[in-house]
Amino acid sequence: MKAVILDAATLGEDVDLAPLREQVDSLEVHAITDPAQRLERLAGARIAIVNKVVLDAELLDQLPALELICVLATGTNNIDMAAAERHGIEVRNVTAYGTASVAQHTLMLMLALANRLPLYQQDVAAGRWGESAFFCLLGHRTLQLSDKRLVIVGQGELGSRVAQLAEAFGMQVTFAARPGNEAQDSRPGLAELAPTADIISLHCPLTDATRGLVDADMLARMRDDALLINCARGGIVDEAAALAALRAGTLGGLGVDSLPVEPPRDGHPLIDASREPLNLIVTPHNAWISPESRANVVKLTVDNLRAWRAGRTA
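Quick note on the working numbering: the sequence shown kicks off at 771 and runs consecutively.
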């Protein structure tokens, strides 16, 4: 039983792949795979293990031995699911592997923006502390989290964990209705909650209903000192509108861990704006990368392999 990992580098060099080797007869490990290399590397393999490498219909049509695709992530948008089903190829993904890591990252962004860390760091680096007439700097108004209102979009495992951490700081947490389902949802919609929110944190998937969810109109509903955090997917926030609001002083802070195109090889306005005196933090889609989280991806993939093998022999 031959298995091939096409993009092991996405898990990092410090993750032990031995548990995966124990589940198969042979395991070929490739750090990164270009599109032109996919067919040659997967030829004869019964199991493909991928994170973000695209397995499209044209490729799957040429892999008659392939029986299982293990995705080292929750999203399966890089797999042609219809083609996989047509060929009888089972697709298994992993979920909830990085809840603690992403929740921690979300709170990091929240705390840093609330305390205007980007602005004060720039002040210190520019020598303004040493120029102060007294012992500290008071130029940027901070936000104490206690008793402030946090609105979360997405009440799954991740959103719920963020709520628990926020409540430890004394925040009042409200969950918004599922976007696109407001009429059937007992919870108020984001548009209704936005004017009262001190912080909005996004933990929902990118769908037709959430694409551009926080646009110029939604930003106009928000308080001028409100913080916006996106540790979900790029495209849920209209980044251009959010940047314009931040520059205009009608948004208190912006923290994002994802962009619409990743990696952003052609750059992005938010990355360029990181050099400006703004309460802005852009992190490189690394909210999930704690060693524990990445090891959990391997563990859950091992579980998928065992379940698949058990199903074949049942």
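Worth double-checking, as some hints may not be accurate.
List time: in silico BS3-like cross-link candidates among lysine-lysine, alpha-carbon distance up to 25 Å [stated by the list, open to error]:
| no. | residue 1 | residue 2 |
| --- | --- | --- |
| 1 | Lys1069 | Lys772 |
| 2 | Lys1069 | Lys918 |
| 3 | Lys822 | Lys772 |
Simulated from the structure, these hints should not be mistaken for lab results.
Quick rundown of the hints versus the structure:
1. Straight-line distance between C-alpha atoms of Lys1069 and Lys772 comes to about 19 Å, which keeps the hinted pair within the 25 Å bound.
2. With a CA separation close to 38 Å, the supplied pair Lys1069 and Lys918 exceeds the 25 Å bound.
3. The hinted pair formed by Lys822 and Lys772 meets the criterion: a straight-line CA distance of about 20 Å does not exceed 25 Å.
Of the numbered hints stated above, the single one contradicted by the structure is hint 2.
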